[in-house]
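Using the sequences plus the hints, can you model the full thing?
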Amino acid sequence: MLQLVLNAFTLLLLSLLATFAAVLAADIPLGSTLYASDPNSKWTSPNGTTLSFITDSVDTGGAAALYAAITFNSIPIWKAGGSSASVNSSAVVRLVASGDLQLLPSSTSTTPVWSSGTANLSVTAVSLEDSGNLILKNASGSAVWTSFDHPTDVIVPTQSFTVRHTLSSGLYSFKLQKNGNLTLWWNNSVEYYNSGLNSTMNSNLSNPVLDIRSTGVLTLSDPTLSNSLDLAYSSDYGEEGKILRFLKLDEDGNLRIYSYISGSGNQIERWAAVGDQCQVYAFCGNLGICSYNDSNPICGCPSDNFELVDKRDSRKGCKRKVELQNCPGRENMLQLDHSMFLTYPPELSTQIFYIAISACKLNCLAGSCKASTSLSDGSGQCYLKSSDFISGYHSLAIPSTSFMKVCGPVAPTPSMDGTGGGRRNGWKLSTWLVVVVMVVTILGLLVVEGGLWWCCFRSSPKFGGLSGHYALLEYASGAPVQFSYKELQKATKGFKEKLGAGGFGAVYRGVLVNRTVAAVKQLEGIEQGEKQFRMEVATISSTHHLNLVRLIGFCLEGRHRLLVYEFMKNGSLDKFLFISKEQSGKLLSWEYRYSIALGTAKGIMYLHEECRDCIVHCDIKPENILLDENYNAKVSDFGLAKLVNPKDHRYRTLKSVRGTRGYLAPEWLANLPITSKSDIYSYGMVLLEIVSGRRNFDVSEETNHVKFSVWAYEEFEKGNFYSIVDKRLPRNEIDMEQAIRAIQVSFWCIQEQPSQRPMMGKVVQMLEGITEIDKPPAPKAAIEGSVGGTSLYASSSNSALSTITASVPAPSSSSSLQTAGISSSASGKQVNRESSSPLHLDTK
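Mind the numbering: the sequence shown is residues -25 to -1, 1 to 819 in mature numbering (1 follows the signal peptide of the UniProt record, and there is no 0), read in order.
No lab work stands behind these hints: they were computed from the structure. Take the hints with a grain of salt, since some may be wrong.
[As the list claims (entries may be wrong)] Quick list of in silico lysine to aspartate or glutamate cross-link-like pairs, DMTMM-like style, CA-CA up to 25 Å:
hint: 1; residue 1: 561; residue 2: 673
hint: 2; residue 1: 294; residue 2: 306
hint: 3; residue 1: 702; residue 2: 549
[Stated by the list, open to error] Label-pair ranges, simulated between beta-carbon atoms:
hint: 4; residue 1: 271; residue 2: 116; range: 43 to 53 Å
hint: 5; residue 1: 711; residue 2: 153; range: 25 to 35 Å
hint: 6; residue 1: 343; residue 2: 236; range: 48 to 58 Å
hint: 7; residue 1: 73; residue 2: 271; range: 46 to 56 Å
hint: 8; residue 1: 106; residue 2: 138; range: 18 to 28 Å
hint: 9; residue 1: 162; residue 2: 202; range: 31 to 41 Å
hint: 10; residue 1: 285; residue 2: 244; range: 20 to 30 Å
hint: 11; residue 1: 214; residue 2: 323; range: 42 to 52 Å
hint: 12; residue 1: 116; residue 2: 39; range: 36 to 46 Å
hint: 13; residue 1: 198; residue 2: 236; range: 25 to 35 Å
hint: 14; residue 1: 456; residue 2: 146; range: 29 to 39 Å
hint: 15; residue 1: 270; residue 2: 4; range: 44 to 54 Å
Note that CB positions come from ideal geometry on N, CA and C, so glycine has one too.
Structure below.
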């Protein structure tokens, strides 16, 4: 029996020794060599991750090239020397006697293409881990050099990326800044992407670290913090299986998260930092113009005065057929509508003027500049560009006109849609063509208007949906882009990803042809839907302000009514105010709360006082205040808005609109006329919520079971200001002067009598500290009713309350559009991106 035990122990010991020997065998000794000419020459980890020579065309724009690379199931995750260190079949990788790992052009060469720089650092061996980390070790087994610490163009799970590291691909690079911002650069000179992560948290970071988790989430952490910040999620986030997710800087200058499913043979894009590829600087090279066909970005030349540098690769840019210095006195200006030029180096401040479009063109023609761009947004800004490197972008959504200086007559501009037909690029080709287009357009409009006029008199329900077309002839001429229903079906992938649902329909995430992410609102109900559609297109498309959501376009096809808004990735304000302890990482800091409160007030002020006609929103609430990528506030969802003539003091009652409980002014419940002062009341409730971080209709033991706004005023009277402010915020982060100012303004806004409430312009002045604030009277709660278990202010009878109960939905984030993007410029102080934080992170 004892012998059997000894035999078993011996077998176990031999097995362990064999395993240990195998581990040692995985260490590659000095003098080891990999040969590009031998397909079986490779160093392999236990799970099959290999270092070998591979042929790759992904990072070379289609041309096959040979690299020494670490691959996981044929996916390159590291290249010796990066994407620029391509070699031929004579190349070798060798761990030379000095301890330096070298990529050599041949086995007899002594001048490396790349080396690890570890000569004389006592390196004794190389090992390759399953994670893909290549490690050079010394005799004690300690790492002297690792590939994870010298990334090329990919980051994989368990690999940490810090401010010391750089991903590179051609002229493009990706860097992590000390303040935590992710940045993309062209030629190490032009920053064309910045994640805009402004925060107090990251301004104090000691060593920010970026990681890509195996689940597909991109996180930012710091050794001094216990909480990490999630920056981006792959579209397959959390899906299980044998999936490798990695972050890669592609040769086209975009930073993407990819997924590779084991055995599938290909990698799938799951997230991109730059949503619009044409916004990657110099994507189409010098003098190239980036635009879109049905689904992809394409590169072309400004006109036939230019030709491609490489006809096999349009991304290498264009060149003039005749250089400007060869035709003195014969220069002309090529006009490119809906286009913009960016130059390197950028224009100086002395090259920016405020002049008309025609003057912008003539000034460039008469001067030494090579191109110019004139903004068509009403600012009158003209940028004269004298740099040799010019990168262009053409899109119908770009509100600017550009001019390019050419030699001799202006040649025709080729179609930029990549199809040779269909949608034209809108550029002026020649005078006769413009005349023909104008004549055809006028005749077409006359035919369409006549047809619509005839159809509108048809009484059959079959033609009932055409009235919207007729109305839009007034509003939509030259307004937002009109999409077909099929285009929006394709953009939303069949209305697959639902963002929410409001009173008039659902909202879906969509990606337009130019890769712009949008929120598509599908209106429901032919009667109310059409009214809503006509009202929103007419009002939203005529409003342009930094703090208002922008309408991109619409669809009016048969009975389909859809609105297309810019997408806002940070969603609505309520998601950052009314959160659980588990979500404390999303808690807004005080500085950003106050900025959001002021921005919201400015947006409403624009609607009330600066539009041609006063626009009453009628549903101001946190769910309708959206936050862009920099946490700037934008008022959204004009679903209840109605144009009111400010000269008509008899303001008509809005009978077709619905408000939201907790934010309704008393006049709603009393069936009295609704004016802009009703929005003031709603804003006051929202302002109190921003300060306190709780719903205005909350009741609790702390508030003695009375409505929060009533309790808050009692605390205000006692001077207990800190009891009103959100207790989750550290006191040393709160500007109490601002807090008291906001509390006072909120109480003025929620006065029972509309005449006692300030105009929104006065509200902005009070919040900015321009105007002194008198002590507000106590808000009255004449009747405490209950709608869905929540108290409501009212100044009428219980019968009035009962008549409105059915049309007062509970506040829900699902009723808000989640939209964001580039806003039209407007005056107003913005948050300092380098010194402030949108989120208060609990680091306890």
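How the hints compare with the structure:
no. : hint                    : verdict
1   : 561 <-> 673             : holds (21 Å)
2   : 294 <-> 306             : holds (16 Å)
3   : 702 <-> 549             : holds (17 Å)
4   : 271 <-> 116: 43 to 53 Å : holds (50 Å)
5   : 711 <-> 153: 25 to 35 Å : holds (31 Å)
6   : 343 <-> 236: 48 to 58 Å : holds (56 Å)
7   : 73 <-> 271: 46 to 56 Å  : holds (49 Å)
8   : 106 <-> 138: 18 to 28 Å : holds (22 Å)
9   : 162 <-> 202: 31 to 41 Å : holds (36 Å)
10  : 285 <-> 244: 20 to 30 Å : holds (26 Å)
11  : 214 <-> 323: 42 to 52 Å : holds (50 Å)
12  : 116 <-> 39: 36 to 46 Å  : holds (39 Å)
13  : 198 <-> 236: 25 to 35 Å : holds (34 Å)
14  : 456 <-> 146: 29 to 39 Å : holds (33 Å)
15  : 270 <-> 4: 44 to 54 Å   : holds (52 Å)
Taken one by one, the earlier hints all hold for this structure without exception.
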